[in-house]
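K.L.:
Two independent chains are provided; combine them into the complex using the hints.
One-letter residues, chain by chain:
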Amino acid sequence: MKTKSPLSLTRRQKWAAHVVLVVLCIPFLMPIVWMVATSLKSNEDIFPQENQAAITFNISSMLPKDPQWQNYKAALQTGPFHLYLRNSLLLCTLNVIGAVFSSALAAYGFARLRFPGKEGLFILLIATMALPRHVTMIPVFTIFKMLGWYGTLLPLIVPAFFGNPFFIFLLRQFFQTIPADLAEAGTIDGAGEFRIFSQIMLPLAKPALITCALFQFLATWNDFFGPLLYINDPAKYTVAYGLQQFMGSHGTAWAQLMAVATLFTLPIVILFFCAQKVFIQGISTTGATR
Amino acid sequence: MRGQALKGYLFISPWLIGFALLVAAPFIASIYLSFTHYDIISPAEWVGGSNYKRLFTEDPLFWKSLVVTLKYALVAVPVGTVLGVGMALLLNLDVRGIRFYRTAFYLPSIVPMVASCAVFSWVLNPHIGLMNSILRGIGVEGPAWLTSEPWAFYSLVMMSLWSVGGSMIIYLAGLKDVPASLYEAAVVDGANAWQRTVHITLPMLTPVIFFNLVMGTINAFQYFAQAYIMTEGGPEDSTTFYALYLFQRSWRYLDMGYASAMAWILFVIIMLITALLFKTHKKWVHYGR
Chain A
13 MKTKSPLSLT
23 RRQKWAAHVV
33 LVVLCIPFLM
43 PIVWMVATSL
53 KSNEDIFPQE
63 NQAAITFNIS
73 SMLPKDPQWQ
83 NYKAALQTGP
93 FHLYLRNSLL
103 LCTLNVIGAV
113 FSSALAAYGF
123 ARLRFPGKEG
133 LFILLIATMA
143 LPRHVTMIPV
153 FTIFKMLGWY
163 GTLLPLIVPA
173 FFGNPFFIFL
183 LRQFFQTIPA
193 DLAEAGTIDG
203 AGEFRIFSQI
213 MLPLAKPALI
223 TCALFQFLAT
233 WNDFFGPLLY
243 INDPAKYTVA
253 YGLQQFMGSH
263 GTAWAQLMAV
273 ATLFTLPIVI
283 LFFCAQKVFI
293 QGISTTGATR
Chain B
483 MRGQALKGYL
493 FISPWLIGFA
503 LLVAAPFIAS
513 IYLSFTHYDI
523 ISPAEWVGGS
533 NYKRLFTEDP
543 LFWKSLVVTL
553 KYALVAVPVG
563 TVLGVGMALL
573 LNLDVRGIRF
583 YRTAFYLPSI
593 VPMVASCAVF
603 SWVLNPHIGL
613 MNSILRGIGV
623 EGPAWLTSEP
633 WAFYSLVMMS
643 LWSVGGSMII
653 YLAGLKDVPA
663 SLYEAAVVDG
673 ANAWQRTVHI
683 TLPMLTPVIF
693 FNLVMGTINA
703 FQYFAQAYIM
713 TEGGPEDSTT
723 FYALYLFQRS
733 WRYLDMGYAS
743 AMAWILFVII
753 MLITALLFKT
763 HKKWVHYGR
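Protein sequences appear in the order of chains A and B.
Going by the working numbering, the first residue of the first sequence is number 13, and it counts up by one from there.
Going by the working numbering, the first residue of the second sequence is number 483, and it counts up by one from there.
None of the hints are false.
Once the Cα atoms are required to be at most 27 Å apart in a straight line, the calculated DSSO-like pairs of lysine-lysine come out as:
#: 1; chain 1: A; residue 1: K26; chain 2: B; residue 2: K658
#: 2; chain 1: B; residue 1: K553; chain 2: B; residue 2: K535
#: 3; chain 1: B; residue 1: K553; chain 2: B; residue 2: K761
#: 4; chain 1: B; residue 1: K658; chain 2: A; residue 2: K289
#: 5; chain 1: B; residue 1: K764; chain 2: B; residue 2: K553
#: 6; chain 1: A; residue 1: K289; chain 2: A; residue 2: K218
#: 7; chain 1: A; residue 1: K85; chain 2: A; residue 2: K248
#: 8; chain 1: A; residue 1: K130; chain 2: B; residue 2: K489
#: 9; chain 1: A; residue 1: K157; chain 2: A; residue 2: K248
#: 10; chain 1: A; residue 1: K130; chain 2: A; residue 2: K218
#: 11; chain 1: B; residue 1: K764; chain 2: B; residue 2: K658
#: 12; chain 1: B; residue 1: K658; chain 2: A; residue 2: K218
#: 13; chain 1: B; residue 1: K765; chain 2: B; residue 2: K553
#: 14; chain 1: B; residue 1: K765; chain 2: B; residue 2: K658
#: 15; chain 1: A; residue 1: K218; chain 2: B; residue 2: K489
Okay, the calculated beta carbon distance ranges per label pair:
#: 16; chain 1: B; residue 1: H681; chain 2: A; residue 2: G163; range: 55 to 63 Å
#: 17; chain 1: A; residue 1: A65; chain 2: B; residue 2: A673; range: 52 to 60 Å
#: 18; chain 1: B; residue 1: P685; chain 2: A; residue 2: A66; range: 47 to 55 Å
#: 19; chain 1: B; residue 1: V680; chain 2: A; residue 2: T164; range: 50 to 58 Å
#: 20; chain 1: A; residue 1: F69; chain 2: B; residue 2: F582; range: 23 to 31 Å
#: 21; chain 1: B; residue 1: S630; chain 2: A; residue 2: F69; range: 16 to 24 Å
#: 22; chain 1: B; residue 1: I523; chain 2: A; residue 2: D78; range: 52 to 60 Å
#: 23; chain 1: B; residue 1: L543; chain 2: A; residue 2: I138; range: 30 to 38 Å
#: 24; chain 1: A; residue 1: L102; chain 2: B; residue 2: A675; range: 47 to 55 Å
#: 25; chain 1: B; residue 1: A675; chain 2: A; residue 2: K85; range: 52 to 60 Å
Which stretches of chain A does chain B cover? Using the computed rule of at least three CB atoms under 8 Å from a CB of chain B, they are:
#: 26; segment: 39 to 49
#: 27; segment: 128 to 137
#: 28; segment: 148 to 158
#: 29; segment: 223 to 234
#: 30; segment: 258 to 272
Please keep in mind that the hints were generated in silico from the structure rather than gathered at the bench.
Nothing here was measured: the structure is a model prediction, and the numbers come from that model.
We treat Cβ as the ideally placed atom computed from N, Cα and C, and that holds for glycine.
Bound-form chain B, shown alone (with noise of 0.2 Å):
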């Protein structure tokens, strides 16, 4: 047994070796530096506790930035969750054409980040952008979406919802593993549409639910390219999410220590949130059939 062991070591050392080198070490590096003044250029030097106190004592940014994140992953997660839960039981709808319209939700998803950033920046321009000029057909004067308080943050949300599609498609394949045999039980029961939504439908789907609100509350804490491309934090640093400052901290400050320390803040925040989330899991998540 001991040659199928080593073959085993063999097959998996790819990603062993990666992760050791890679994950792991890195990992607990990254513990060290927070303790540490480090620049990248010069040797990191130990100065104890003094990141972890100044980030929750001097620096206001640091706990904006935590707010604007958690607004960021209070508002997007949850509208993201039922725009793509709603388009989802509409493309499970037994109507002609349902192919163009799942593509056409879909689309918007596979549209590269930085193209989309690109399509975004044109699209909320004030005075000639697609958004305001529209607004204006129907005499609003829309706002400066891309640099003024709140409509900058809103925006970005807006961006995040167009591409809901990913998770959309996801929870139509939760729809399509609903067992038609539940909705013709149902139906003899006398239950009409809105009772089997409410009784069956979303029931069965919220695993698909419970992984897609994990999943994305994780991705919002770490939410940074999008804003660093369309906002740059700003104005007023309504836009400067944790992920960004951290990367201002460390690339533009080459404060890296410090941000190390703030590294390990988020992942701490990340790992109580999931579990947080987990806890709540066997109340409202329904398994089985």
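Pulled out of the complex, with its shape left as it was, chain A reads as follows (with noise of 0.2 Å):
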């Protein structure tokens, strides 16, 4: 897709350019960076000698002198967390096949079939995405206390299979743009539509339902008001809220706690790696920004 830019610089801009772009990754890495080599840091590395009160940055104290690995240990030693992995990936993987699914059963709905009050049900579905959650929090709180699933990872999961309306609007616009005699030959078949649906449809739309999946996955992970709404007891915590929860009760133990956020952020990292393509067009493409 790379066309010769018309923008040719000159040497000298290109040195400026590199210049100004090197200088401005300092902030945006550095955070990330720290993170990590604290998290391998010993106390002695972390905290001043006995006659300083105060640490004064220089380059070779930014990196640990001896890699504690142990940190990762201790750190994971201090609370269930593979408790809190195991429900954080069984939220994520149920979220993401409640979402997806249930999304693209809509989204064919709106793209493809006609039914009326069509367009009144999208402009709904549209102005729901603008809706702060405060507004409804209290009364959906109380119908999950109602049916009883306070303190269960319930109300972290059904939601999901109710679809996404994000995800119904991107999808839309996708299934829009096949092409209606490929459903077509499915009637001629004598196809039901739901078949239409998941045996034509749905493998057309893989590029697109895959980014809907690396979105609810990340938004599913991240997650940090459910858990802290519905969530009581620490066997069923999230690594988010873990982390969170972590955060209050040993917030100066910072080699460890630099140790859990690095685990906690490495999936994600890697996610991004793996799939550098899905995640920037996917964003550029639907504009997410959590």
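P.N.:
Here it is as structure tokens:
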């Protein structure tokens, strides 16, 4: 897709651009480097010497002198992190399956089928995206409490199966671009609407479905608000919530805190490098910023 | 055709049922709750407009939280927009290693929010954190970032700017969509780089800027979790954002009727601001080629 830019720069301009770009990189990358570096430091590296009250920065103190890998082990022993991880992965899996499948169903309905009230309902769907969650938070909480779901993972799972307005919007756009004769071929074969959907449309929509799956995974992995409202039992914490609780209870164990933060961030960074295209194209086509 | 209508409803039924049960009904219920005294445990009790009256006349923290939030929207959103557009313009230059720079700018925006809160509470530690130790290196004694006014507020703004990469990527995609022919024509007309940026690039980017501005403002008014985790609203309520105060009202004091009234006011404010932004929209947003 690269076209030769008509905006070619002179050599000097290129150097100037590099200088600006490198300088800008520092504040963006430094906290991440600092997080990982701290996670491997010993307490002597982190805290000032006896005769000092504070630390003055120098490059050599940036990196750990002798990497303390046991920080990770120690950090993970402060709480049942294996349970948090299990909970997070369970929630991510069910949310991805639920949100992607139900959103695809609804998107197909909006894109390819005709029914009275469709336009009005679609406008409502768009409008819900701008509705602050604080407006519905209390009644929704009351409903889940009446159902006896408070303190269980259900309030963090079931809503996904009602679809995500954003994904519905995105997938509808996608389904609309698929030529009608592909679906008609199915009708002639006598295939039902659901078979056309699941056997012709879904495979074609794979790239868009993957984008949605990725976004849902990120949203669920990062979600802090849901567990904050509904989870009270440490055995049901997610990693995100467990990390926040860890901050509260082990606030000054910086090496261990950074070890947990690193482990929590790592899957997302790996996912990013594996699926860079999906990330960047997905974000630029959808305009999603959490 | 009736068969098709039925099929249509069946296909959208997951969303439709969820919308009815988890959006529409709660939306209406929350209007009702805003006129009641409700603590989740016992049934709601009708109190008329007294929640609204208390909010407007007896609650200084309501006004303060509104001001804090407004200030955040007025600082973080415009600065984030300028930074995001500026960085996207830089990344659109034809220099080597652009992929590395793009990754570097974008990476912070995918760091999970709770992790970035942990990292920043460490970076901003007054005695041994990275920020103040760097400042000390150049002879400046930095403030207690998260526990002093006005720095706690600006620390949160700084944190939000750190993850500007998400919107930067959208601007970058917008830049790639500007047709090269426009630039070629401008070069023929003798326009220099600055003139091309001001007269072609930025006008072509205005729809994307507008979209981000609207979403950024809506999100700013719901800003909550970072303040909840990092500052708990302090010091002196200087980071008690509206949504944080609403949350404290509902879950700390179980004052759900009052919180519902606050939620409704928030909803109205967001609608008004969105409408206002759309009103300015014709004046500066450029469509078409």
